[in-house]
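Novice: If you want the building blocks of each chain, they are given just below.
Protein chains: 2
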Amino acid sequence: MTKLIGNLVFGQSGGPTSVINSSAAGVFLEALDHPELIQNIYGMRHGIEGVLRDELYDIGREDRQELEYLTGTPSSILGTCRYKIASPEVDDTDLRRIHEVLAKRNIRYFFYNGGNDSMDTCMKVERYLKAQEYECRVIGIPKTIDNDLFGTDHCPGFGSSARYLATAISEVWQDAHSYSTPMAIVFECMGRHAGWLAGASALAGVIGHGPDLIYLPEVPFDFDQMHEDARQVLKKKNVVMISVSEGIMTADGTLVAEQLSSRATDSFGHKQLGGVAALLADELADELGVKVRGIEFSLLQRCAAHAASGRDIEEALLAGRSGVKAALDGVSGVMIGFKRAEGEPYRCEIIHVPLAETANKEKVVPRAWINEAGNYVTQDFIDYALPLIEGEPHQKHENGLPRFARLKKIRV
Amino acid sequence: MTKLIGNLVFGQSGGPTSVINSSAAGVFLEALDHPELIQNIYGMRHGIEGVLRDELYDIGREDRQELEYLTGTPSSILGTCRYKIASPEVDDTDLRRIHEVLAKRNIRYFFYNGGNDSMDTCMKVERYLKAQEYECRVIGIPKTIDNDLFGTDHCPGFGSSARYLATAISEVWQDAHSYSTPMAIVFECMGRHAGWLAGASALAGVIGHGPDLIYLPEVPFDFDQMHEDARQVLKKKNVVMISVSEGIMTADGTLVAEQLSSRATDSFGHKQLGGVAALLADELADELGVKVRGIEFSLLQRCAAHAASGRDIEEALLAGRSGVKAALDGVSGVMIGFKRAEGEPYRCEIIHVPLAETANKEKVVPRAWINEAGNYVTQDFIDYALPLIEGEPHQKHENGLPRFARLKKIRV
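Taken in sequence, the protein lines are chains A and B. Each residue of the first sequence is one higher than the last, beginning at 10 in the numbering used here. Each residue of the second sequence is one higher than the last, beginning at 10 in the numbering used here.
Hints may contain errors.
One copy or two, either will do: identical chains are not told apart, so a pair holds if it fits within one copy or between any two.
To be verified - Subject to a maximum C-alpha distance of 27 angstroms in a straight line, what follows is the list of computed DSS-like cross-link-like pairs (lysine-lysine):
1. LYS418 with LYS139
2. LYS300 with LYS93
3. LYS244 with LYS348
4. LYS300 with LYS113
5. LYS245 with LYS418
6. LYS113 with LYS405
7. LYS244 with LYS113
8. LYS12 with LYS246
9. LYS418 with LYS348
What the hints contain is simulated information worked out from the structure, not anything from laboratory work.
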């Protein structure tokens, strides 16, 4: 393998997570260890838009200590985007521009951190540059709280959101069960098509403080069945706690949240969801005749770095570092993934997933990991998710407030 | 002062907090240190209702280690209630029953942990027992996230909620500012008449990641002014973050949340609020023409022990311990309070506030601590609140999940 000398660019894309900046730290810190091959390290301002506009930050001018604070700093420190690059057969304007900027900046290492859509961007960039015979190694770093990326055991970001949800729900359990009055609570977790996050709320059940019922988009939702399920629990326990995914839909494919669908559609064609908890809470209050609260975790679940999973942080860092090492070894056109070893204790090894195998696909919760009634997850789901929330968060505090990384963000 | 030998009872009342169980731990651990005077330690099942029904737990039979875990366990471990005792001149049934149960159980130390309404209960019990010449020392322990208790610098529970809100808002700031698209976010904090919690969201501003606008119930709310304020910020910053109290009202005294007022009224006559964030988000989306998210912190803000203030925990413990010491010294008919020393560094001493001076009153945010425009708090507010959120939470974790106290709750 020829040694490739040049500059590196890293970008963040799609919805933020608690640990996407840990992957950034992994890429930056590993790249800094190889000055003989990687001459300059650049960050894209707002993902691929930063390349299109030639708006790059010079990461080499940041303090190393601040880069280390990234592991306690949620969301996309460089800025994110949801920009979709056209397919080259339709319109190659964007790809020509990307090629131009990379060449101008002598960028030979291209890292993009995101979900399904971002892997699509990676794949297009990689193919286009190869066709143009511009040597550049392209690596995707996985990221999504939704945990729906294909080809990897799990995704950095998921474990931290799962830990946050399990923690918050177990604490609300304490609150709800301190009253003697009957009550219902509906929690709304993110997840349009994949119910991983709502499913993860079952982790609170490991300590006996979880939801009683969980509804995922993988199983058709039935209002009557939910009312009946809730009534049964309420009768027995006086309090019923229900977790749902934002994307639950009835058998005819209609979103439960559709009544709230006056919202905009983003540039990937996703409908903006939210409000299912409030809607179901109203429904249930009428049905059950008790006080019902709807709690939508909203953005909180994807940026709660103060409750992140230590393992998730370590793995996000590792994904970044492994990506750089792989690229230096000549690897290109892959996403970094995790493969779990059989049995206990939990162990994962890094794998390389060809971009074409993961881009634009979605991995949903297997039907076998949801109980027959479709109102909870199975022990297999819990055994899968529990190891992912272990370990303490890395966030540092000053005067009781988070000490986030302070980057200078000096433009190239 | 005669030594008083007998049993102690402790109860929790009103809305849960992250540290009410720390006060419980303080009372229990201190009481355990004085077996020569306090023979048995009882816990009320669901507050005063537990006395009325003679449903008490024998705390002496709990493991000491589990009592220590209480400092990381949110909400009311013994159960809470919102029961309002009738005034004896109207109906003394409840007070006669309380007297009967206390006498039957030889209870000579009565501790009640709660807010304004709970101090009213304390006061009635204390006066009634005195009139009946039943010797029993009655102490109120302050508790409320609302921070609206009279006669004390601040209330245990407030600091932890304030820290949680500041942390969560600063993390959401990171999320919102990672996009280049304009956006507005409305945060809804608890507080019917007092804006302490919404005000505390300004603490996130200390690290530059706070809301741009804060509206409290202490200042009449004006929709047009809010729209104009938001437009100005949006123009300058591209993102506007707004914190409001659930209880904000217009100049005519109408709650902004009133459109959602189909909800029940609790037994103290409080209207159940909520939904202001969603309502204002809808309003603003139309006004500003940008994406707006409403985030209601709901129960999360009062039970997030995983993000509690270490100082708040220590002070809640201290309030419990000091209460027991005071009672053993012959004090009765007071609430434990905090008096802050002038100047830096932060120091507070314990004071005894006569129950009549605090019961049924509400301490709101001074107008001078809100800016002239009525859309933010002043530096005085921040100087007041910042020391209250210092110190790390005490919550322990096992497998990434909270290790809550596990009490046996053996009935007397």
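Novice: Now, for every hint given, state plainly whether the structure supports it.
Specialist: Evaluation of the provided hints:
Taking the shortest alpha-carbon separations for LYS418 and LYS139, neither the intra-copy value of 31 angstroms nor the inter-copy value of 69 angstroms comes in at or below 27 angstroms. Proximity of LYS300 to LYS93 under the C-alpha cut-off of 27 angstroms is restricted to the inter-copy arrangement: shortest distance 19 angstroms between copies versus 44 angstroms within a copy. With identical chains, the CA atoms of LYS244 and LYS348 are never at most 27 angstroms apart, being 43 angstroms at best within one copy and 47 angstroms at best between copies. Within a single copy, LYS300 and LYS113 get their C-alpha atoms no closer than 62 angstroms, and across copies no closer than 36 angstroms, so neither meets the 27 angstroms cut-off.
Taking CA atoms no more than 27 angstroms apart as the test, LYS245 paired with LYS418 passes between copies only; the shortest distance there is 20 angstroms, against 57 angstroms inside one copy. Proximity of LYS113 to LYS405 under the C-alpha cut-off of 27 angstroms is found in neither arrangement, the shortest distances being 39 angstroms within a copy and 52 angstroms between copies. When the C-alpha separation of LYS244 and LYS113 is checked against a cutoff of 27 angstroms, the pair qualifies neither within a copy, at 69 angstroms, nor between copies, at 34 angstroms. With identical chains, the CA atoms of LYS12 and LYS246 are never at most 27 angstroms apart, being 65 angstroms at best within one copy and 45 angstroms at best between copies.
For the homomeric pair LYS418 and LYS348, neither the shortest alpha-carbon distance inside one copy (35 angstroms) nor that between copies (45 angstroms) is at most 27 angstroms.
Checked against the numbered hints listed earlier, the structure breaks hints 1, 3, 4, 6, 7, 8, 9; every other hint is satisfied.
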